[in-house]
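Novice: Given only the sequences and the hints, what does the whole structure look like? Please build it.
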Amino acid sequence: MIEVGKGTDPLLKRAFSLFRKTGDGLQILYRVRGKGTDILRNMKEGASLDMLGPLGNFYPLPPEDQTPLIISGGIGIASVFSLVERLAGRAIVFYGARTKDDLLMLKEVREHAHEVIVSTDDGSAGRKGTAADALRAFLHSHASSSAQFCVYACGPHPLLKALSQMTREHRIRAYVSMEEHMACGIGACLGCVVKTHDGYKRVCKEGPVMSAAEIVW
Amino acid sequence: MDISVTIGDLELKNPVMTASGTFGYGEEYAEFLDLSRLGAVVVKGLSLMPKEGNPPPRIVETASGMLNAIGLQNIGIERFVHEKVPFLRTYDTQIIVNFFGDSIDEYVAAAERLSAVDGIHGLEMNISCPNKQAGWCIFGTDPRVTSQVVGAVRKATRLPLIVKLSPNVTDISRMAKVAVDAGADALSVINTLTGMAIDIRTRKPKLANRTGGLSGPAIKPVAVRMVYEVYKAVNVPIIGMGGIMNAEDALEFIIAGASAVAVGTANFIHPTVSVDIIDGITAFLAQEHIADISSLRGTAHAG
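Residue numbers (the numbering used here), protein chains in the order written: chain A, 1 to 217; chain B, 1001 to 1303.
Treat the hints as calculated values from the structure; they're not laboratory data.
Some hints here could point you the wrong way.
Here are some chain B residues pointing at chain A (derived, C-beta under 10 Å) [claimed, not checked]: (1) K1044; (2) L1048; (3) P1056; (4) C1129; (5) M1245.
Cβ coordinates follow ideal geometry from the N, Cα and C atoms, glycine included.
Specialist: What follows is the structure, given as structure tokens:
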């Protein structure tokens, strides 16, 4: 949770994924989407911000004998990047974005991934369509060997929903990083819940990474 | 310097409590601050049976505030008693349990059950929820119903009974008098103000529940005014709350007439803020050469 101003408007801290660790700090990667991120963009170098974290869980690492498929939609790359990095050349990344210009950090993703399958909504880079379409095609052509895969994903809700359906059909274990409006980040406000087969769960505490199979989509 | 205050029979080492619904069951904050420093911990509202709460989105930020429609999600009184009270009992602070029901019988049963638990020092009644038996009208907005439910709970408990007033009424002083006449030992002023935010692209309310409770600095002037009015109307201690972000805000409520204050939404932003507020109040009293915080209470009414 990161403070975006000292005043009362905006009031709440903002939840961000930890993009990656640097020598003595950490980086976040964000898209300017509203009041909070707009303030961040205009912040001067050297300014200080209050931060609470790290909070919540991380993607559980795959067994040695499995090939991780990592699906990223848009700014979801901020969440999965450190996983791609950690899996050092093992992951096949399905990286989708609106246009070529929205494919942030593509070069770095390529450096750390085994393979990157790019797709854009407008077809300006890679295949035309979403990362979910790309995954669907991939799973279709690898249907006989689906047992060797596990899936990790972060992106817009429709993307996560679509891949959760696909992975269920192919009996592939899938983990998704969820997003909800969040006030406290420490499990107190109960604002950021998602519906699971075991009742509402807090994205900040039991998540953000949850098993796709447990979520009521 | 004396910053202790009393709320009915409750002795608080300082006037700072946490507002129900913003501090979980206390343990969520224990890694950030020493709960024993607080005047009191007020836990999230509990009902006899667990409640699942509303579908998301449950919260939305607004100008200097936020709307919430959590839907009173809670683990139920039994789980609270067995899983949370033993932990809370290890701290040297007053534990106040906020509770609600959807019928008068449920309020009474909840109050009776909570009163039998060692380690619970006071009860705070949330009357801003609908009465299922009477066409979903809100307990806290119809004086006749308020009187009935508070009176019934009064008979069911010997613990200090705090009634949390709804600000969504025309005349808060009248509701305060009704609650006190029915047996309230103290009043919490105020609960959240009902509000709404709409997404102009989808043309739909931003909250799944459509409406929610507004909290945060945006409501502070309303809350201060209501504390001021209630102080004139009744003779019981008032716990002032609504948008308190710092010691200055807390002092404003005390000067308006509050004996104690509760910190709410600010806990979400700075988990240690309640302790900062205690320190800030102490510093202010030292600066102003005030030996006893009670001599500051209600001073806005002088002259």
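Novice: If you test the structure against every hint from before, which numbers come out violated?
Specialist: Hints 2 and 4 are the ones this structure does not satisfy, whereas the remaining hints hold.
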